[in-house]
Amino acid sequence: MTVDADLFARIQDRIAIVGIGHLPFAKDIGRPIADTAVEAIQLALEDAGLQAEDVDGMSMLEMEDTHEVSIARRLGVRGLRWWSKISYGGGASCATVMHAAAAIASGMASTVVCHRARNRGSRTSRPWSQERVLVRDDKALHTPWGLIRPVDVIGMWAHRHMHEFGTKREHFGNVAIAARKHANRNPHAMMRDRPLDMATYLAGRVIGYPLHFFDCCLETDGALACIVTSVERARDLRRKPALVHSVAQASGPNPVHLANYNNTRTMETTSVFCAKLLWERSALKPADMGCAQIYDAFTPLVITGLEDYGFCKRGEGGPFTEGGRIELGGALPVLTSGGGLSEAYVHGFNLILEAVRQIRGTSTNQVPGCRATLVTGASGVATSALVLRGE
Amino acid sequence: MAEPLHPDYPLPDLDDPIMRPFWDGARDGKLVLQRERGSGTVHWPPKPMYWKGGDRLEWFQASGRGRIYSYVVGYEPFLPAFRDLLPLVMVLVELDEGPRLVGYMVNATPEEMRFAMPVRVVFKRLTDRVTLPVWEPAR
Numbered sequence: 001m002t003v004d005a006d007l008f009a010r011i012q013d014r015i016a017i018v019g020i021g022h023l024p025f026a027k028d029i030g031r032p033i034a035d036t037a038v039e040a041i042q043l044a045l046e047d048a049g050l051q052a053e054d055v056d057g058m059s060m061l062e063m064e065d066t067h068e069v070s071i072a073r074r075l076g077v078r079g080l081r082w083w084s085k086i087s088y089g090g091g092a093s094c095a096t097v098m099h100a101a102a103a104i105a106s107g108m109a110s111t112v113v114c115h116r117a118r119n120r121g122s123r124t125s126r127p128w129s130q131e132r133v134l135v136r137d138d139k140a141l142h143t144p145w146g147l148i149r150p151v152d153v154i155g156m157w158a159h160r161h162m163h164e165f166g167t168k169r170e171h172f173g174n175v176a177i178a179a180r181k182h183a184n185r186n187p188h189a190m191m192r193d194r195p196l197d198m199a200t201y202l203a204g205r206v207i208g209y210p211l212h213f214f215d216c217c218l219e220t221d222g223a224l225a226c227i228v229t230s231v232e233r234a235r236d237l238r239r240k241p242a243l244v245h246s247v248a249q250a251s252g253p254n255p256v257h258l259a260n261y262n263n264t265r266t267m268e269t270t271s272v273f274c275a276k277l278l279w280e281r282s283a284l285k286p287a288d289m290g291c292a293q294i295y296d297a298f299t300p301l302v303i304t305g306l307e308d309y310g311f312c313k314r315g316e317g318g319p320f321t322e323g324g325r326i327e328l329g330g331a332l333p334v335l336t337s338g339g340g341l342s343e344a345y346v347h348g349f350n351l352i353l354e355a356v357r358q359i360r361g362t363s364t365n366q367v368p369g370c371r372a373t374l375v376t377g378a379s380g381v382a383t384s385a386l387v388l389r390g391e
Numbered sequence: 001m002a003e004p005l006h007p008d009y010p011l012p013d014l015d016d017p018i019m020r021p022f023w024d025g026a027r028d029g030k031l032v033l034q035r036e037r038g039s040g041t042v043h044w045p046p047k048p049m050y051w052k053g054g055d056r057l058e059w060f061q062a063s064g065r066g067r068i069y070s071y072v073v074g075y076e077p078f079l080p081a082f083r084d085l086l087p088l089v090m091v092l093v094e095l096d097e098g099p100r101l102v103g104y105m106v107n108a109t110p111e112e113m114r115f116a117m118p119v120r121v122v123f124k125r126l127t128d129r130v131t132l133p134v135w136e137p138a139r
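Those sequence lines, one after another, are chains X and U.
Take the numbering used here: the last position of the first sequence gets the number 391, and nothing is skipped along the way.
Take the numbering used here: the last position of the second sequence gets the number 139, and nothing is skipped along the way.
It is worth saying that the hints were derived from the structure and are not from the lab.
Pairs of lysine-lysine residues, derived as DSS-like cross-links and limited to a Cα-Cα distance of at most 25 Å, are as follows:
1) X:K139 / X:K85
2) X:K27 / X:K181
3) X:K139 / U:K124
4) X:K139 / U:K47
5) X:K139 / U:K30
6) X:K285 / X:K313
7) X:K85 / X:K276
8) X:K313 / X:K168
9) X:K240 / X:K285
Just a sample of chain X residues kept apart from chain U, beta carbon distances all over 10 Å, derived:
10) F8
11) D28
12) L50
13) E62
14) E68
15) K181
16) R185
17) P187
18) M191
19) P253
20) L328
21) R371
Everything numeric in this text was worked out from a predicted model, so none of it was measured.
The beta-carbon is built from N, C-alpha and C at its ideal position, and this holds for glycine as well.
Looking at chain X on its own, in the form it has when it is part of the complex (with noise of 0.2 Å):
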């Protein structure tokens, strides 16, 4: 059986995200995620103009999991005929929304509600802070030697990447600029009011060499939600559709679990892989996308994303950065809500609202005449992308 290039067909542009919502990000939020994962869909089925009576399936992250029928239940929907959970963490945001999308494409369900509510603003709340004794299959690979926290599991495809094509630390913080200049102007990003300099980059302290401060994103509690829907359904509705334009998941081949350093021989990351079914899928092209969330837990990621996802090639995804060419004004901007860096980290979930948004229209950093737009998930581990377009 090959796959159904049909049902992506099926897919293109006629699925369409036509409701978004979220809480207001914060270090500490005080609720449970059970909770909040409530208020944020409500948030968003009333941007759609749409009611939880509408709602008939439901797609969300499996890390810090929530759970379908309670929401379901609070939310006062019906009745769930289709549900999914994403494994993965940042890998999963945009997998959310071609499940979804497959979902209604094939007759499983008509309207989905897709969120992430996730509570990690707090120091003892991160899952790498809690490593205990007998760690199993995929962990034992790494956490053994200390290979633990995120930012050395990453750091050792960023220092690979300097070492191999002279990626510097001024690239990185061209990344770390640019999303906090966009941050600086939305209103909802937890770095609203705090510019970022190079000297001030630069000066960052050592988080796990060759990472610093800056290179880092934010730990966030927050909650956020989209709805998708037929595009049917949805030009009766209030709000201008961003139609699901092409959607991906990948594991790359011998795929391992954050470690992920021998599925190629040239260390590429899982991205590589779903780019390539992202763009085969796609009528568009990365020339066309007016802007591009890359997803960003640190910096390097969003370098190898812009050469991953073909915006130039390999090794030139430093350069990429400079003069200003992904900023706003500039060829293409990225993370034009400030992303994980300096709008909030929600394993990317955020990343998927502002591409709404750039769709819209509506954005605080708005790309004029946005046509389209890339989503993201994150790099090394099994990941997904979506590339959405207006009407």
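Please build the complex by placing chain U on the supplied structure of chain X, with the hints as guidance.
Just chain U now, kept in the frame of chain X:
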């Protein structure tokens, strides 16, 4: 006897049948890897023996030599179990046999580290059951 280990040290599960030969080898002071008889293709991470080509799999003692493919340095006390090892130079070693293994350095300072620098395996006994293959400069 091994030095007393921090109670939160993330020890590997030795009862994982797929990884057991690796950990058994380390306890005997050998770096062992899995390969296919005939083609010699080395599998890392190892395959289960019930894999479709499992009858062709064998474990063998590797050279214990490789080169630094990448490295990161932890300076701050991030986990109590690793506090005594700081600064901890965590490495990705490209073995002469091909695979890249995660490890950490002994007998080397962060300043001495270089890309492509040759390293050789040494063994650090953590408990009576667990020995960790780690790396030192091959001078």
